[in-house]
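If you follow the hints, you should be able to join the two separate chains into one complex; please do so.
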Amino acid sequence: MSTFSFTLNGEQIGPLELDSDTAMIEVLHEYLNMTGTKFGCGIGVCRACTVIVDNDDGTSEVMRSCINNVGAFNGKKVRTVEGHATTKASGEVQLSPVQQAYIEGYAFQCGWCTSGMVNAATVLIEQLRREPIKKNQIESRIEEALEHHICRCTGYKKYYESLKKLIEETEELWT
Amino acid sequence: MKKFLSNHPLLMVVALLVSPQLWANDDAVKRGEYIAKLGDCSACHTAPEGQAYAGGLKFATPFGELYSTNITSHKDKGIGDYSLQDFKDALREGKGKHGRLYPAMPFTSYALVSDQDISDLYAYFMQVPAADVDNKDNDLNFPANFRFGLIFWSWLNHDPQPFKPIANKPEAYNRGAYIVNGLGHCGECHTTRTKTFGIDKDRIFMGQVIDGKYAPNITATELNRQGWTYRSLNDLFREGYSSKGTTFGGMFTLISHSMQHLTESDMKAVASYLLDQAELDVDAKTPQAKVSIDETSPGYELYEAHCAGCHGGQGQGVPNVAPAMVGNATLDQNHPFNTVAVLLKGIEPQRYSYVRAFGEMPGYETRLTDAQLLTLVNFLRESFTEQSEPVTQQQLDDIRDQIPDNAAH
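So the protein lines, in turn, are chains A and B.
Numbering-wise (my numbering), the first sequence opens with residue 1 and increments by one.
Numbering-wise (my numbering), the second sequence opens with residue 1001 and increments by one.
With the rest of the complex left out, here is chain B (with noise of 0.2 Å):
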């Protein structure tokens, strides 16, 4: 039928215009994608090289291997036989047509999402191009493996409300809230797990160790006390770079696929509720960070041999070659993990934009002893920030420990 019409504009016009509800669905649709992006449902339902939507990405699990679903319009082998009703039951309760879902889908998050948005996203996806593909077996351990099990789980950490506005903020916070506690799902990786795997909801945002990185703490104290602003937030979200740093890992792949296509409206809004400032300050400067270098310590001479190539001699950073470290929020956080982390294990070469890339950071898991590790760690951390506590060789050891052998962030 719509090649029938594209080939007679004259009757497509016509059509269009009798027909409201094609107007509609377009919109509804429109705004489902958008809405995809807010939830970066591409990134767990899209395998490397794999087409969109179908399923197919492994994740590595305490429990064994799990794969992620086929959510195209497939009849069979997709969500393209799921009613609306369907669709609501598998976001915000975790209840596929073929069983209860694994929490690696966030529900708990989803649990927030508006009728509207759903619905919406409900016609994005019932007009994503059907995959013929079918989707992979999991393989978990017991008792993992039996699907009764999450009727448990779910009453255990589930509790399905819908979102509630916070009475005393303005409009603008509460879409922020509402973003990103819900779509986003942010919480999911910046907050820490219980013994039963749900969000401890006593630790909201408060940062955890996730696949050998650290998601950090992005509650709002620990944002402020790092002097983040709408403008570095903004500039982190929209590129992965900003004055306070670069993202790796996970949340790089989350900017391109999600974050970046915020509208600006958005974008002020998810500022707003993250720094908590009820009347955003958009013309916030970053304040001046702590530069206190002392050239004549062992840790500055490592720093020189090794580091000032490509972050300069006082840590300035140079332009799409690596960035500061004056000011950088990872070497700022109070959990050295990043740090660590990165300087044993490196970071790939990131493409941020046309304009922004930066080069591979080698590791110095080889190269460096853990002595000389732990002095430079501890250089960068005094002369870059207030964290006062020293790395220890303990600490050393267990980051070591909860980083696969293969990771490049």
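Extracted from the complex, chain A is given alone in its bound form (with noise of 0.2 Å):
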């Protein structure tokens, strides 16, 4: 046993007593009831359990939670599928860009792949925030964030047009 601390979606987590070798999705689902991220494959194949991982420089990047273990977490600020959404004053639940464009496009159906989608393209439009690109360079950066991701439904062409309505539809994204 070992311990283990984090943020997840800015909260404070641990210090956790747990096993070293204990999954991150395991600690996320088990332990923190955190269910938005799916595990899929188990292998660092189907993308399904991606989450974010902020970074101090302010960069933010992609991590696979299935075939990493609650160690490679430690110490870092987390990001899963539940701390896109905000919620107003109102109690009104705002969805971040990326979850509302997903919706409008009908992009997803059974849901299994939707919070690693989500993830890829959360840290796409902010890296293309810090570092805008050349509007043709648009669909291959959306194929490099998303190739990887599988979709058991095959909603391949929604994910790709939403997110590339999105883009094009936030100019501060490319130039």
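Mixed in with the good hints there might be a few duds.
What the hints assert, rightly or not - Across the chosen pairs, the derived CB separations fall in these ranges:
no., chain 1, residue 1, chain 2, residue 2, range
1, A, Asn9, B, Ala1060, 43 to 51 Å
2, B, Gln1127, A, Lys165, 51 to 59 Å
3, B, Pro1048, A, Glu144, 14 to 22 Å
4, B, Trp1155, A, Pro132, 38 to 46 Å
To be verified - To be clear about the criterion: a stretch of chain A counts as covered by chain B if any three or more of its residues have a C-beta under 8 Å from a C-beta of chain B, and this derived list gives those stretches:
no., stretch
5, 42-51
6, 97-106
Hints listed in this document are in silico derivations from the structure and should not be mistaken for laboratory results.
Virtual Cβ for every residue (Gly too), placed ideally from N, Cα, C.
In structure tokens:
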């Protein structure tokens, strides 16, 4: 057993006493009751379990929570799909732009891959916000960000088109 | 004519019966097809998505960019107008009809190929469908852009001698030596180059860095030290995966194009030569590998966090997920190049066969600090190999400098 701490969607977690061979997704599901992140293949291929890690330099990156054990997230700032939407004072839930774009584009069906697709797209948007790209690079950057994510309902086209529309409509992301 | 015969089956039977030359040529073509696989001709002479043997694959060399050529039976753009003697001159001496060949074509190894095999290979290529594909112009720097200088290169580095069997070794061993040194041209990657870019004959098979990876030491001494057996070599060459680990990079494609097609007797011959076993022990079991894990070490903490999810808490590996660290030959190489390179850049997903595939290994270049990378590399070597020399920051820097930024293995 070892002790682990991290922040999850801005909230301090831990110190938790856990076996150090515990996969991060198991920590999310079984210890923190955060089940939005889905367990797919379990071998780092399908990317359903992708979460976001925020680095101290202001950059963010995706990490797979099934093949990385909790120690890989120790001391890190972690975001999961539950952390994107905000709740207004009125109680109304405000989805993130990526979530809204996917809903408007009917991007997902069963939803198993959605947590990973949302996180990968969110990291891409954040990258583009820091370093805008040329408009003609939008398609290749989306392909790069989403190409490894497996959707068993084969919603690839709608994910792709929804994200492309969002980026094209957000002018500060490209020049 | 063929169409006419194929529409008249009885005539075709008669034609074949009265024409033993057709039979003989068919056999030569079949043998030639196998020899082309042993020589892995398609790896260089077929571009991604391109027609087979139509060339166009780019090689980034220290002297500029070089493109492989069209070796289909096209009369103008391929080698369809080559006589058997022209073909021999190209294969053994690096003399093409258009001028000297650059030594990216391994004629220094193919010089060992027998007359019979060259003749069969010729029969095969003369019937490879003609590809109407122009050869691309090379983009080489001075003086490499003058083929004339290759005469001097050959004078320094090429001594075409036929294969000489080793007198006191059995036929199978010598067959293995012929394949490995000749058609297989293994030495082209696994041997250090001299200052004039020839194969260093004093360091045959002792390994070298090529294309951002280390083509490891495959001398019999080293393979036996690492505990390779016929079975593990056979597994590696058939599927790219064995109890000693996996292949990646150029060796992975080599296996799919070439080595997996070895006949059983040739596979045994190759193993006999590589392991220097005159009488090959086909039942030898892989020796027990070292496992000495200090679970209280900082290295184990990193291993558990980043590696154990796929490679197992005790380095035992997970079938169809990730290979074992225990007994892993890549870890156990004297040179830490590949261990470091793989940790930095990861490995692409690889499908070895219909029932054997591994997912991608992530690269840790941005996730771990140099101090963490060194702690992890040295933990892996201490825990699973006999390599006692710790990897240093200087080595890490040197290895990083030799890996292209966009490399994935």
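Item to check | Hints violated by the structure (listed by number, smallest first) | outcome: 4, 6
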